[in-house]
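**Student:** Those sequence lines, one after another, are chains V and E.
The numbers in the numbering used here rise by one with no breaks, and the one at position 514 of the first sequence is 514.
The numbers in the numbering used here rise by one with no breaks, and the one at position 448 of the second sequence is 448.
Among these hints, one or two may not hold up.
Given that identical chains are not distinguished, each listed pair holds provided it fits within a single copy or across any two copies.
With a cut-off of at most 27 Å between alpha-carbon atoms, the simulated DSS-like pairs for lysine-lysine come out as follows [stated by the list, open to error]:
hint : residue 1 : residue 2
1    : K302      : K50
2    : K272      : K302
3    : K177      : K35
4    : K272      : K181
5    : K9        : K167
6    : K167      : K272
7    : K181      : K42
Please keep in mind that the hints were generated in silico from the structure rather than gathered at the bench.
None of these values were measured; they are calculated from a predicted model.
These are the residues of each chain, in order.
There are 2 protein chains.
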Amino acid sequence: MSRLFEQHKATLEAALAAAASRAYWSAYPEVPSGKSYGETAKDEGAAAFKAMLGQRFALDQPGSGAWAGAEESPYGFPLGITYPQATVAQLVAAAEAAQAAWASASIEARVGACLEILHRLNRRSFEIANAVMHTTGQGFAMAFQAGGPHAQDRGLEATAYAYAEMKRVPARARWEKPQGKGDPLRLDKDFAILPRGVALVIGVSTFPTWNGYPGLFASLATGNAVIVKPHPGAVLPLALTVRVAREVLKEQGFDPNLVLLAADVPAAPLTKELVTHPAIGIVDYTGGPAFAGWLAENARGKQLYVEGAGINTVVIDGTADFKGMCQNLAFSLSLYSGQMCTAPQNLFVPRQGIETDEGRKSFDDVARAIAGAVEKLLADPERAAGILGAVQSPATLARVAEAAKLPGVLLAPRPAPVAGFERARTSTPVVVAADARDAALFEREWFGPIAFVVATDSTAQSLALAAGCARRMGAITAAAYATDPAVLAAAETAFRAAGVPLSENLTGGIYVNQSAAFSDFHVTGANPAGNACLTDTAFVAGRFRVVAVRRPAA
Amino acid sequence: MSRLFEQHKATLEAALAAAASRAYWSAYPEVPSGKSYGETAKDEGAAAFKAMLGQRFALDQPGSGAWAGAEESPYGFPLGITYPQATVAQLVAAAEAAQAAWASASIEARVGACLEILHRLNRRSFEIANAVMHTTGQGFAMAFQAGGPHAQDRGLEATAYAYAEMKRVPARARWEKPQGKGDPLRLDKDFAILPRGVALVIGVSTFPTWNGYPGLFASLATGNAVIVKPHPGAVLPLALTVRVAREVLKEQGFDPNLVLLAADVPAAPLTKELVTHPAIGIVDYTGGPAFAGWLAENARGKQLYVEGAGINTVVIDGTADFKGMCQNLAFSLSLYSGQMCTAPQNLFVPRQGIETDEGRKSFDDVARAIAGAVEKLLADPERAAGILGAVQSPATLARVAEAAKLPGVLLAPRPAPVAGFERARTSTPVVVAADARDAALFEREWFGPIAFVVATDSTAQSLALAAGCARRMGAITAAAYATDPAVLAAAETAFRAAGVPLSENLTGGIYVNQSAAFSDFHVTGANPAGNACLTDTAFVAGRFRVVAVRRPAA
């Protein structure tokens, strides 16, 4: 039995219990406090980040000897970090060489190493938070939570699922078939786990760790070597992760090339060559639908897990807490400048208005109240900067500018200055009033802080538009506000059929864009927003195979 | 709780226990005896089969009103049965209309119905045995066992896996997140199973029920409507299955169109149109690699489970029971005229010979002894007919004739008359001596009673050839004979890396081509012989999705 496995066994067991009950649980403290992480951790994390700027990021892995990197902080400065470059052939050869011994190790040895990697990543959450903040543009608090402990929880969840699934196959069995009065037929059978890999994890620019860890740990735990290909704009958080993983693997006597960094730059992308290499058996991808489509065409015969994007909707039929609803939605539209794959885009409201605890509200009342709540939420510059963070990609700012020119703008976007970062790329949300007839406008993805409040003939039409769009274009979340149980039931039926998880009447401190490890299944895989779910059994079961040997029993 | 579920719960629980332990277990008696099935069952089954010949096979399902069918018994007569015809649009519309209520039923209601269908199929095993015999060409004993109880066991196994997997997701959860000194955040969450379907099961001509039931029951249990598209040469066994399923579903108040027959004829095939219909979400296919390749190209975005074919090998290095080895191999080569996807094709023997309990045997000794064992096994015509059965496809007989013209024939094929069926299409095996240099010859699939005994430089070369061929062309089984533990270890390593289950030193009443439900994983999915395994979790986990609703707790 592995020492690391024993050491982290209680965490694993708690994770398994939480995944089974889907009740609240978290392994890693989400508050960036000195009490949990040590009083010096915050400063040390910031210092460690600063010390990496402008330097080579050393990783003792096979490569070409060249160094490259082109990350720019959305807060307005180049990171200046370069990463060791390698050819696809070098990476694949190193991964294949490392894989056999890892695959033959015990399940406990592999899972124990994964748990230790997660533990060490947790201790470095402040350093990772700085790296996430200055690649994705997230505000620090979110970069810490989502990029640190919440991402680690998702990695732990995947590790736990992988462990449970592998342990369902016994290592050996005696098979004894009765033969009437004669001796039974007796066979001894040994069952071994065979990795499917080499695995490839393709990182996303907005949530490199949160979306990258599930595939990384699920593949690694099941015996695969993993090549991590970060988005060229968000390399550092995954580079740190690879470094920690390699350290632990090496200490445990394994080949550190079980986890390799494939850091490319936009001018010389590696992804397509990696995906189509015959040695790659598993591909995890988080990102936009265009490349997801390319993968579906080109990753044939490989195990492909896609977390994509979609158009998320809110259906408003009525509420017993009008102010709470508007505040809740304002936060969901503002958080990380709408750059979450779970953020709502289209809010459907009947044109004849809705009933609320404040009496009947017309469509215009509702639309203006939501826009007003966004404005109020972001009135204080310091709070606004913390919630909004910065905008990861210039293309998103361009989209905001495009939306701001549409007719029906209820709330115009403006920059949201961040103290200490004068050149940060920022924007408050743009909120646009639209009509159900404008489907061509709002039934496309407007990624970023862009929302449409859409007037419909009825809530029935709202649901039909929302669910229909989800089925055709994909959706990751949906929300409904209603006081009539029949309307809620209709919403549940419509969104269930479209494969979209539904949040009802959120008015307090929970938001439609939040997805909790061990409890919320993130992306159903049941509409075009993705084919994989974080985390269900299907996410891990295809990453390994079982091979048996049988022989007559002695 | 469903009455049928309660009724069959003990069977389900025993199945789950067996699948977990991988020890011997079977739900359905494999011996076609009056004691198990009733003294009149055999005659009634034969009579029921005869009564269907030349008739329309009534199924009260939507269709075009036309009838067609072109089955010919490999034993030499046309069945003359016609089946109701339907367009793809009619089938899909009926399946989609049936699916919603089925998906909303309880897991127990769905699984209970599946268990009852299996139970009723079991009671009709003699009728199904006749149908299997006269479509596949299997001898009666095998048609009964493999087409009846063993197929039902595989269907039960898939149902049990589906049940276990669905039950891992709780129906509801209370999520309660502490907020320091404040009230915790509380959400109630409901989780629902969402079918992936409509599901399509594409049947094979040689084992229509054994290979068809896993996909059929896995998809049906997880909430999908299923369209069963039999091979046009082996419709009747699956038509009977569909009829039984529809009866049970209708009795339970469900729409019988949850299970539909898509019986086409070679002149007007439906398969490609079915596969590419957007409503089809799951495809199960058993059959040759050419169509498997078409599926990989054209079933994009669908859940595809392929049980294909490969080139199975035997590596002979030595034995402590020379006679037992030769007899065991002779049976494996002869059973159902080599038309099992698990039958060996290439037997590798070092050209310098092997050590045995009968002393050193030269390559020629070994090759001639195996050929001689086949000859002896099939010397008695009645026994030969029972073991060999008939040849399903004329193309297989043509292949035997081609092999018989090769240099190095050790045992020439001959017809194997079946009493009462003068026009049966039959052949004993052809055994050909070859050399490792002839890879172009033996590294192609010679489906049917065709085997090569290949002289190699060493057992190391034998293993390299066998494993290399498995990696490139696929393999479903492998066997090794050796007394040296180091040789067995080398064989285990080589075949494990190639994803092929290995049987060692089989000399008694167990054969390399036998695969037992609940214990043997059939097809690993780890080489080109298929991407799916009967049955592991990956075979069921992708057939459904989980969709949640969450709301603030009251």
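**Student:** All hints are to be evaluated individually against the structure, with a verdict given for each.
**Tutor:** For each hint, the structure was consulted:
no.: 1; hint: K302 - K50; result: neither (40 Å within a copy, 47 Å between copies)
no.: 2; hint: K272 - K302; result: both (14 Å within a copy, 22 Å between copies)
no.: 3; hint: K177 - K35; result: between (60 Å within a copy, 19 Å between copies)
no.: 4; hint: K272 - K181; result: neither (62 Å within a copy, 51 Å between copies)
no.: 5; hint: K9 - K167; result: both (14 Å within a copy, 25 Å between copies)
no.: 6; hint: K167 - K272; result: neither (34 Å within a copy, 39 Å between copies)
no.: 7; hint: K181 - K42; result: between (75 Å within a copy, 24 Å between copies)
When each numbered hint is compared with the structure, violations occur for hints 1, 4 and 6.
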